[in-house]
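So the chains spell out like this:
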Amino acid sequence: MLNLVWLLLIVSGVAVAALRGQVDVVTDAAMTSASGAVETAIALAGVMVLWLGLSRIAERSGLIEALARAMRPLLRPLFPGVPPDHPAMGAMMMNIGANLLGLGSAATPFGLRAMKELDTLNPEKGTATDAMITFLVLNTGGLSLVPAMMIGLRAQAGSKNPAEIVGATLIVSLAATLAGLAADALLRSADRRRVLPRP
Amino acid sequence: MNALDLLARWTVPLLLAAIPLHGYLRGVDIYNAFIDGAREGLSLAIRVLPYIVSIFVAIGIFRASGALELTTHYLQPVLRPLGIPPEILPLMIIRPLSGNGALALTTELLHRWGPDSFVGRLASVITGSTDTTFYILSLYFGSVGVTRSRHALAAGLIADGVGFLAAALTVKWLFGGA
Numbered sequence: 008m009l010n011l012v013w014l015l016l017i018v019s020g021v022a023v024a025a026l027r028g029q030v031d032v033v034t035d036a037a038m039t040s041a042s043g044a045v046e047t048a049i050a051l052a053g054v055m056v057l058w059l060g061l062s063r064i065a066e067r068s069g070l071i072e073a074l075a076r077a078m079r080p081l082l083r084p085l086f087p088g089v090p091p092d093h094p095a096m097g098a099m100m101m102n103i104g105a106n107l108l109g110l111g112s113a114a115t116p117f118g119l120r121a122m123k124e125l126d127t128l129n130p131e132k133g134t135a136t137d138a139m140i141t142f143l144v145l146n147t148g149g150l151s152l153v154p155a156m157m158i159g160l161r162a163q164a165g166s167k168n169p170a171e172i173v174g175a176t177l178i179v180s181l182a183a184t185l186a187g188l189a190a191d192a193l194l195r196s197a198d199r200r201r202v203l204p205r206p
Numbered sequence: 004m005n006a007l008d009l010l011a012r013w014t015v016p017l018l019l020a021a022i023p024l025h026g027y028l029r030g031v032d033i034y035n036a037f038i039d040g041a042r043e044g045l046s047l048a049i050r051v052l053p054y055i056v057s058i059f060v061a062i063g064i065f066r067a068s069g070a071l072e073l074t075t076h077y078l079q080p081v082l083r084p085l086g087i088p089p090e091i092l093p094l095m096i097i098r099p100l101s102g103n104g105a106l107a108l109t110t111e112l113l114h115r116w117g118p119d120s121f122v123g124r125l126a127s128v129i130t131g132s133t134d135t136t137f138y139i140l141s142l143y144f145g146s147v148g149v150t151r152s153r154h155a156l157a158a159g160l161i162a163d164g165v166g167f168l169a170a171a172l173t174v175k176w177l178f179g180g181a
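As they're listed, the protein sequences go chains C and B.
When the letters of the first sequence are read in order and numbered with the numbering used here, they come out as residues 8 to 206.
When the letters of the second sequence are read in order and numbered with the numbering used here, they come out as residues 4 to 181.
Please keep in mind that the hints were generated in silico from the structure rather than gathered at the bench.
Nothing false has been slipped in among the hints.
Ranges of calculated distance between the beta carbons of each label pair, as one might list FRET restraints:
1) B/His76 <-> C/Asp92: 52 to 58 Å
2) C/Ala25 <-> B/Arg42: 45 to 51 Å
3) C/Asp35 <-> B/Arg115: 23 to 29 Å
4) C/Ser42 <-> B/Thr74: 24 to 30 Å
5) B/Gly180 <-> C/Gly159: 23 to 29 Å
6) C/Glu131 <-> B/Ala21: 36 to 42 Å
7) B/Ala21 <-> C/Leu14: 42 to 48 Å
8) B/His114 <-> C/Leu193: 38 to 44 Å
9) B/Lys175 <-> C/Gly159: 23 to 29 Å
10) C/Gly133 <-> B/Gly180: 44 to 50 Å
11) C/Arg195 <-> B/Asn35: 40 to 46 Å
12) B/Gly180 <-> C/Gly88: 41 to 47 Å
13) C/Gly88 <-> B/Ile38: 29 to 35 Å
Derived coverage of chain C by chain B (criterion: at least 3 residues anywhere in the stretch with Cβ under 8 Å from a Cβ of chain B; other residues may be distant):
14) 40-50
15) 58-68
16) 122-133
17) 171-181
With a cut-off of at most 16 Å between alpha-carbon atoms, the simulated EDC-like pairs for lysine to aspartate or glutamate come out as follows:
18) B/Lys175 <-> B/Asp119
19) B/Lys175 <-> C/Glu171
20) C/Lys167 <-> B/Asp119
21) C/Lys123 <-> B/Glu43
C-beta atoms are modelled at their ideal positions from N, C-alpha and C, and glycine is treated no differently.
The shape of chain C in the complex, shown without the other chains (with noise of 0.2 Å):
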């Protein structure tokens, strides 16, 4: 999916450049988004540092599990296929605590930890398991409920109530992340069906 996805924005993009008669803004583009891209990566370089190490004392401290443990009852049936006490549960409670509190680049490094974690129970590896695909549901999701950076964003607009917009985005995550859900059971079984005959 994603390789025609990727495939499709580019060729696409070239052939209406092309069509339009300037051709040489899709090489302006591809050499600015790819330096971009670079800077974007080593800024978070330095966030990946920071929080990983800061997660490793955490980690080593015990204060994962406690934090694990406590979040345990809501995430445990949404993964039914990761043991309770696994290193993936702990670090997909912190992407998700951090998530809520709207860090969202303090999440990014517990996300990518619980990937790594999630793929040491992934037989076939390549292939995305059931409980990788409801993490990354539950992160496209975009549950949160500090939207710390749009209120920042609407405070600099000069918004009479920069924080206003908290109820909503709540109440808008909470439906996103809800019809993901329902979206992942959903297609999970109509893949299963397809994918993996049953014996």
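Assemble chain B onto chain C, guided by the hints.
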């Protein structure tokens, strides 16, 4: 609202102080633990860089060529009956693709229409309540070498679509229409 503001402002500093303090009190060799984890962060960032470049380049070409504009134009008649103003369409297309792009677009919409207008509020809620589906998918799956993502993208995009619709309805319901 004050409690939320306080929470937003204090979370990061609190974590920065509380995690090492808790570790120290528990007798963890905190500095070495930090360096140990940090090293993992660096190798992770390097492994992930090609994925970021590939996505950024594809989106950059799509946007600069005018293909994004064209897509927006053709989707307009479909989305107007749903209560979504055409000004929001580019944001709805970019949001799943690029977090930085969505942030830039939202900033532009806030300044052009005002943060307390229907478009401004809708843009704020959409950006605050959905996430960059394609980016997260390529980043998270790419980091462990997963190339067959099964139904992950479909489920993620359904979540985004429901989020956009819910945003238009909720903003209209809470603050009144355009």
